[in-house]
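In order, the protein sequence lines correspond to chains Y and P.
Here the first sequence stands for residues 1 to 590, where the numbers follow the numbering used here.
Here the second sequence stands for residues 1001 to 1110, where the numbers follow the numbering used here.
Source of the hints: derived by calculation from the structure; they are not laboratory data.
All of these numbers come straight from a predicted model, not from anything done at the bench.
Note that the Cβ used here is the ideal one computed from N, Cα and C, for glycine as well.
Check the hints yourself; a few may be wrong.
Here are some chain Y residues the structure puts well away from chain P; computed CB gaps all over 10 Å [to be verified]:
(1) L88
(2) A104
(3) Y202
(4) R265
(5) D274
(6) G279
(7) P355
(8) E411
(9) N449
(10) A465
(11) H466
(12) G495
(13) R510
(14) E544
(15) F551
(16) E559
Coverage of chain P stretches by chain Y, computed from C-beta distances (three or more under 8 Å per stretch; other residues unrestricted) [as the list claims (entries may be wrong)]:
(17) 1020 to 1034
(18) 1063 to 1076
(19) 1093 to 1105
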Amino acid sequence: METLIFDQLPPVGEQNVSNLRSLPKTPTGIRGFDDITGGGLPRGRPTLVCGGAGSGKTLFGLEFLVQGAVQFDEPGVYIAFEETAEELTANVRSLGFDLDELVAQKRLALDYVQIDRGDVAESGSYSLYGLFLRAAHAISSVGAKRIFIDTIENLLGGLLDQDVVRSELRLLFRWLKDQGITAVITAERGEGSLTRRGLEEYVSDCVVLLDHRVIDEVATRRIRVVKYRGTTHGTNEYPFLISPRGIDVLPVSAMSLEHAAPIDRIPSGVDRLDTMLGGGGYYRGSSVMVSGTAGTGKSSLAAAFVDSVCRRGQRALYFAFEESPRQIIRNMRSIGIDLAPWVDQGLLRLHATRPTLFGLENHLAYIHEQVRDFEPQAMVVDPITNLNAVGGHADVKRMLMRLVDTLKDREITGLFTSLSNGGDTMELRDAGMASLIDTWMLIRAIELNGERNRALNILKSRGMAHSNQVRELVLSSEGLKLTDVYLGADGVLTGSARLSQEAKDLAAERSTAEDVEQKQRDVGMKCRAIDARIEALKAEHEAEEADLKRFLLGVQKREVKRVEVTEAMAKNRKADAQGEGTALVEGHYE
Amino acid sequence: MNDLQDAPPEPDASAAGPETWELRLYVAGRTPRCLVAIANLKKICEEHLCGRYWIEVIDLATSPQLAKAHEIVAIPTLVRTAPLPKRKVIGDLSDVRRVLAGLEVEPTPP
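Please work from the sequences and hints to get the whole structure.
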């Protein structure tokens, strides 16, 4: 009944991701696959998995069954047309699945169907009802919700009457649908068509393509959901790995841009750089790219970042494609960064591989696995451009995009170094990648006056009031330092030119200071001289005043004396009138 | 469905020589095709293996577990269990020449 209702469902809008729930899905349990399909395979319907020999079809189906039985409590049936049950059990045990155990627990039923063309004669019409019976018997014996038929098109090769087989297959799939069993059917990849024998005609609800191709001698496995009726799905090719744990579809590139945007910062490990970024460093969870030619200090900047992350007790992951971990530790010691304690404390993991060791997608898968395993707060890929050795520029960009998505999803701050060839094309070459990057720094080597120095500037930094200045990156045994550069007639001055300019400035500053001091001294002395004279004059002034006072006092005393004398003389003369004497005195004066 | 397992009498098995043909016909219910196959088989045996055969008809509709045990995919399927090695013929056995070739039976000239 259920299946009939689904049949009547109109296809949902292609863009409407929220409608993913409208079609019931059965999770496969295959890591990553359920994400790209928005939940798994269509429940109660057959899915065709096609691919060439050795592309991982059987493993896909088996994992679907085993995970169903183990994780989702959905027993399954495996009908094999290729391998014998014994071969198969042995093969999958190497991948960590114990089929015998599941069979014993009645969570899995196996049926190996032998179709040997030379063995069978055909005479007259027949049906494949025997196969139906076997499937039905197996399903009912374990109460199966899942079935995996591998590879049913062997029937088409094993039997002559193609028309019969085709109509019977149609019936079988119809019947499985009616039973509400989620089926996975594998088929060989055909030339110019999905399957060699056109099976896609019968199984049209969901078609998954597995691919195993070799590009530049490097093999990469990819998976693609070609068709998924009635639901949105990721249509890209996704790389996958066959790891000891089974299939790993990796990494999951987000179908939408819905990453969180943390506003808190994570220090870059170089104080001045934090200031240049508007204070505090990079945004947490952002992606940082450091471009530069060889020997400009990209790795050192990365190491400084990692060092500061670990110093705060957080975890960092460092992928190196050029140096071995020991080499990195030794070299970074020369600039005063000791990473060894962080490695010992388990805060830092250094992974060094040659880019050509495996394909680009495998690198990505490996990185992804490590990220998932270690859950770091920061990650470095040094340098990401070395991956160009195993993939085209466009591939590397795609990989970076996936990586950036993964990191953003987990709010891991990622720092990628990018080795440029130099010249004007440098910025252009990286520009394609830079659109994925939040903070992009460029370190240039400036060759002047017979020396080579490093100039760092921030080309962009999203959402930050970052500095537009060029700074000189100085590497010394005390670590990394950013200093101002001088803009002269010949361009920016760095290194010795800067030092000499600094010395000149210092000299000029000094002489000015001396002048001022001299002047101050001179004026001071003059002032003191003037003050002294003022004091002298004051003293003279006081002396004059005192002299005057004394004089006036003398005059007064004499007058008093004269009056006394006159009075005494008048007395003596027995002057009759006071006036007489007075007149005399007055007369004396005249 | 025991009525289908009508092993025909073996009229002169001893007289026919050492080789007895043991044939199993797998059918599923009484579908027209299965009935045709049974009829065709009887006719062929009578004509070409007269007195040297033994037929067992197995109905998988009643014992489906035998489909897996006996490796049956197509219905009807005829299996020669003796003489060894096993031979299989699938279909309603309407093409006599192919049945004989499949069972490796020397046709008896008419």
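Verification of the hints:
At the 10 Å boundary, the C-beta of L88 of chain Y stays outside the reach of chain P, the nearest C-beta of that chain being 15 Å off. Non-interface status of A104 of chain Y relative to chain P is upheld: no Cβ of that chain comes within 10 Å, the nearest being about 17 Å off. Residue-level check passed: Y202 of chain Y sits 17 Å from the nearest beta carbon of chain P, beyond 10 Å. Once the 10 Å rule is applied to beta carbons, R265 of chain Y is consistent with being away from chain P; the minimum gap is 66 Å.
Listed as a non-interface residue, D274 of chain Y keeps its Cβ farther than 10 Å from every Cβ of chain P; the least gap is roughly 71 Å. Distance check for G279 of chain Y against chain P: the nearest CB is about 73 Å away, which clears 10 Å, and the non-interface claim stands. Listed as a non-interface residue, P355 of chain Y keeps its Cβ farther than 10 Å from every Cβ of chain P; the least gap is roughly 50 Å. Taking the minimum C-beta to C-beta distance to chain P, about 53 Å, the non-interface status of E411 of chain Y holds against the 10 Å cut.
No Cβ of chain P comes within 10 Å of the Cβ of N449 of chain Y; the nearest lies about 86 Å off, and the non-interface call holds. No beta-carbon of chain P comes within 10 Å of the beta-carbon of A465 of chain Y; the shortest separation is about 74 Å. The Cβ of H466 of chain Y sits about 71 Å from the closest Cβ of chain P, beyond the 10 Å cut-off, so the non-interface label holds. With a cut of 10 Å on Cβ distances, G495 of chain Y stays outside the contact zone with chain P, its closest approach being about 82 Å.
With a minimum CB-CB distance of about 101 Å to chain P, R510 of chain Y clears the 10 Å threshold, and the non-interface call stands. Against the 10 Å criterion, E544 of chain Y stays outside the reach of chain P, whose nearest CB is about 145 Å from its own CB. Every C-beta of chain P lies more than 10 Å from that of F551 of chain Y, the closest at about 154 Å, which supports listing it as non-interface. Every beta carbon of chain P lies more than 10 Å from that of E559 of chain Y, the smallest distance being close to 163 Å; the non-interface claim holds.
Restraint check on the segment 1020 to 1034 of chain P versus chain Y: 3 residues with Cβ-Cβ distances below 8 Å, three needed, restraint holds. Figure legend: the segment 1063 to 1076 of chain P, annotated as covered by chain Y; annotation consistent (10 residues with Cβ-Cβ distances under 8 Å, at least 3 required). With 9 residues bearing a CB less than 8 Å from a CB of chain Y, the segment 1093 to 1105 of chain P meets the requirement of three and the coverage assertion stands.
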